[in-house]
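Chemist: Next come the chains, spelled out residue by residue.
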Amino acid sequence: MQAETELIRLDKITKNYRIGHEWFPALNGISHVIERGEFVAIMGPSGSGKSTLMSILGCLDGPTAGDYFLNGKKVSDLSENQRTEIRNREIGFVFQAFNLIPRTTTLENIELPMLYGNVRKKIARAKALEKLELVGLADKKNNRTNQISGGEMQRVAIARALANDPPLILADEPTGNLDTKRSNEIMDFIRMLNREKGITVIIVTHEPDIGGYAQRRIHMRDGLIEREN
Amino acid sequence: MNITTTISFSVRALMKNKFRSFLTLLGIIFGVGAVIMVMSLGYGAQLNIEERFAGMSNNLSVMPGSRSVGRVSTGAGGVNTLTLEDALAIADECPNISYVSPLVSTRSMVIYKSTNWPTTVQGVGSDFPVIGDWQIDAAKGDGRFFSEDEVHAGLKICVLGAEVYSQLFGGADAVGEIIRINRQPFTVIGVLAAKGQIGGFGNRDDVIMMPYTTAMSRLLGKVDSSINQIQLSATSTDALNAAIAEVTELLRRRHHIEASDGSADDFTVRNVAEVVSLAQSSTETMTSLLVAIAAVSLLVGGIGIMNIMFASVTERTREIGIRRAIGAKPRDIRLQFLIEAVTLCLIGGLLGILAAVGGAAILESVFKSRTAIPPNAILIAFGISTGVGTFFGYYPAFKASKLNVIEALRYE
Ligand SMILES: Nc1ncnc2c1ncn2[C@@H]1O[C@H](COP(=O)(O)OP(=O)(O)O)[C@@H](O)[C@H]1O
Ligand SMILES: [Mg+2]
Chain A
17 MQAETELIRL
27 DKITKNYRIG
37 HEWFPALNGI
47 SHVIERGEFV
57 AIMGPSGSGK
67 STLMSILGCL
77 DGPTAGDYFL
87 NGKKVSDLSE
97 NQRTEIRNRE
107 IGFVFQAFNL
117 IPRTTTLENI
127 ELPMLYGNVR
137 KKIARAKALE
147 KLELVGLADK
157 KNNRTNQISG
167 GEMQRVAIAR
177 ALANDPPLIL
187 ADEPTGNLDT
197 KRSNEIMDFI
207 RMLNREKGIT
217 VIIVTHEPDI
227 GGYAQRRIHM
237 RDGLIEREN
Chain B
231 MNITTTISFS
241 VRALMKNKFR
251 SFLTLLGIIF
261 GVGAVIMVMS
271 LGYGAQLNIE
281 ERFAGMSNNL
291 SVMPGSRSVG
301 RVSTGAGGVN
311 TLTLEDALAI
321 ADECPNISYV
331 SPLVSTRSMV
341 IYKSTNWPTT
351 VQGVGSDFPV
361 IGDWQIDAAK
371 GDGRFFSEDE
381 VHAGLKICVL
391 GAEVYSQLFG
401 GADAVGEIIR
411 INRQPFTVIG
421 VLAAKGQIGG
431 FGNRDDVIMM
441 PYTTAMSRLL
451 GKVDSSINQI
461 QLSATSTDAL
471 NAAIAEVTEL
481 LRRRHHIEAS
491 DGSADDFTVR
501 NVAEVVSLAQ
511 SSTETMTSLL
521 VAIAAVSLLV
531 GGIGIMNIMF
541 ASVTERTREI
551 GIRRAIGAKP
561 RDIRLQFLIE
571 AVTLCLIGGL
581 LGILAAVGGA
591 AILESVFKSR
601 TAIPPNAILI
611 AFGISTGVGT
621 FFGYYPAFKA
631 SKLNVIEALR
641 YE
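Residue numbers (the numbering used here), protein chains in the order written: chain A, 17 to 245; chain B, 231 to 642.
Don't read these hints as lab results, they were simulated from the structure. Cβ atoms here follow ideal geometry from the backbone N, Cα and C, with glycine treated the same way. Any given hint could turn out to be false.
[To be verified] The calculated DSS-like cross-link candidates involving lysine-lysine, where the alpha carbons are at most 27 Å apart (straight line), are:
1. Lys598(B) with Lys425(B)
2. Lys632(B) with Lys559(B)
3. Lys89(A) with Lys629(B)
4. Lys386(B) with Lys156(A)
5. Lys90(A) with Lys425(B)
6. Lys213(A) with Lys89(A)
7. Lys138(A) with Lys157(A)
8. Lys28(A) with Lys143(A)
9. Lys248(B) with Lys157(A)
10. Lys89(A) with Lys156(A)
11. Lys559(B) with Lys143(A)
12. Lys386(B) with Lys425(B)
13. Lys246(B) with Lys137(A)
14. Lys213(A) with Lys156(A)
15. Lys157(A) with Lys137(A)
16. Lys213(A) with Lys137(A)
17. Lys343(B) with Lys246(B)
18. Lys213(A) with Lys138(A)
19. Lys559(B) with Lys452(B)
20. Lys213(A) with Lys90(A)
21. Lys246(B) with Lys452(B)
22. Lys137(A) with Lys156(A)
23. Lys90(A) with Lys632(B)
24. Lys90(A) with Lys28(A)
25. Lys156(A) with Lys138(A)
26. Lys157(A) with Lys90(A)
27. Lys143(A) with Lys157(A)
28. Lys598(B) with Lys246(B)
29. Lys213(A) with Lys197(A)
30. Lys157(A) with Lys246(B)
31. Lys89(A) with Lys28(A)
32. Lys246(B) with Lys138(A)
33. Lys137(A) with Lys197(A)
34. Lys137(A) with Lys425(B)
35. Lys559(B) with Lys89(A)
36. Lys138(A) with Lys559(B)
[What the hints assert, rightly or not] Pulled from the structure, derived: some chain A residues nowhere near chain B, Cβ distances all over 12 Å:
37. Asp27
38. Gly53
39. Asp77
40. Glu96
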């Protein structure tokens with residue numbers, strides 16, 4: 017029963033970065049479980065290890081030691097190709113800097129994860145349009161990514177994160193480059209995804225207002241979870 | 231990810247930097263252009279050879295001297311084993327031979343009025359123009375070739391090659407004029423139509439022809455009846471092998487050579503096809519050498535491609551990071567950049583063909599060299615381009631595929 021409800025299990029995760037000849041510990045043995053359908057905010061001062069934890073949760077990087085189970089699979093010791101497939105199918109990324117591909121249209125950006133996942137072009141196009149409608153930007157489908165505003169860029173990025181209908185969305189400071197009004201719009205939308213679509217959401221933020229959207233806040237310090245509320 | 235999508239990404243990236251892409255392409259354009267141009271020179275020479283021997287495919291020639299092992303010995307110098315009587319006997323006794331002409335040859339100074347011109351004088355029979363496909367140039371006077379009777383009479387008459395005619399007479403009438411060859415007067419009775427220059431063969435129009443009887447007695451002062459060559463035409467191409475056998479058999483009999491006791495022939499029968507293949511293989515060798523030299527410029531072009539691809543990878547580090555994050559495998563990235571390099575080279579190859587066409591036209595008009603773009607040039611150019619693109623694009627593409635995803639995402 018336990019395995020049915022848990023989406024993420026971290027077991028004594030450590031991450032050391034090499035700086036010259038020294039090893040710098042960024043994560044010091046984190047153990048934690050996140051259930052399906054949760055909305056969690058990771059908070060904490062700069063340098064506390066939030067982004068490092070996110071990159072491990074996102075299968076962008078492997079831990080130095082410890083085990084990471086995602087969706088019942090032990091992903092901490094998968095090959096790069098296997099991790100890429102997990103990222104493609106099971107995780108949607110939203111970045112602070114939006115990270116849309118330059119010189120391409122909004123629609124093409126949303127198609128991209130599907131094309132990399134070998135979805136047929138025609139189907140990918142139809143689904144991309146659907147996601148663009150969901151974020152309310154259907155009228156901008158032929159705009160290049162440099163022809164829309166910051167708030168719109170982040171909405172396209174969310175649509176792209178939803179492309180392959182992943183169970184998990186990871187957002188590292190998704191509102192860091194937006195004003196308060198746009199930030200709230202984006203956060204309302206993310207909360208809607210969590211509530212209505214049952215998507216598990218983990219965001220990193222150092223703003224208490226943004227953290228307030230989550231059901232649960234994890235506070236980090238020096239590579240450890242200090243407390244949660 | 232499917233390949234057409236990958237190609238469209240690559241093309242778009244190239245279009246972003248049109249001018250830079252074009253500059254990079256110059257190396258490939260010149261490289262492919264040079265290779266195709268050199269090939270078109272070689273192909274032109276090959277066509278020349280084919281045309282030179284067109285209509286002569288039935289021809290045989292007999293040279294004095296034996297065939298040395300593996301290749302044809304040049305023979306001629308000092309070996310006087312071939313005689314006029316041999317030539318006459320072939321004409322009489324070989325049913326598969328339709329035309330026969332003896333040939334003697336010497337270098338002489340020719341004088342008309344105050345103009346001197348050193349040239350080759352050939353003594354030949356009246357069948358010679360048929361065998362060698364020579365025509366009288368009707369535009370240069372009412373001329374003709376000498377007849378069998380004139381050969382027998384040993385008259386001091388001659389026919390001028392087009393080059394000799396233009397050197398001695400410019401454009402003036404030559405037929406009926408007297409020229410001096412080795413201080414002796416000869417009457418010009420005709421001018422030959424030009425055959426044109428062929429690389430490696432000398433100018434075939436730089437020649438004077440006269441009856442072999444006259445040449446042997448008047449110019450060569452021969453006491454024996456040795457000749458340089460016998461030129462023959464078989465009755466048909468199908469009869470060629472039978473004709474060779476007949477001639478060989480006859481000459482062995484006449485020269486008292488027993489093939490069965492292992493003694494070597496003192497003559498060589500060659501057919502034109504053999505000469506053609508010899509000439510073609512030497513042109514091919516020459517062409518390959520030049521192509522190899524031209525290919526060096528491709529190396530330079532390829533290094534240019536590698537350079538631009540590295541720049542492109544660096545510039546798009548962040549894009550690579552994003553693609554990797556959302557599901558591009560290392561191999562997708564590698565393929566994307568490889569296709570980009572190959573596409574770039576293919577465009578270069580296409581422009582290179584155009585450059586070669588232009589360059590060949592210049593070679594034709596300025597240097598009077600015959601060129602012909604080989605029919606497989608497009609295939610070759612595309613082959614080269616794909617090869618260069620793959621070879622020089624691979625390493626940058628490989629580097630791109632190995633970028634660390636997190637570092638790439640953070641790249642400014
Ligand atoms: N690639 C890296 N190499 C070396 N040190 C790093 C690297 N990435 C992060 N760090 C260090 O690890 C610590 C945690 O970083 P990070 O996870 O980015 O913190 P946060 O996102 O909470 O600000 C910091 O001290 C940072 O300097
Ligand atoms: Mg951070």
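Chemist: If you check each hint against the structure, which ones fail?
Modeler: 3, 4, 5, 8, 10, 17, 19, 21, 26, 28, 33, 34, 39 and 40
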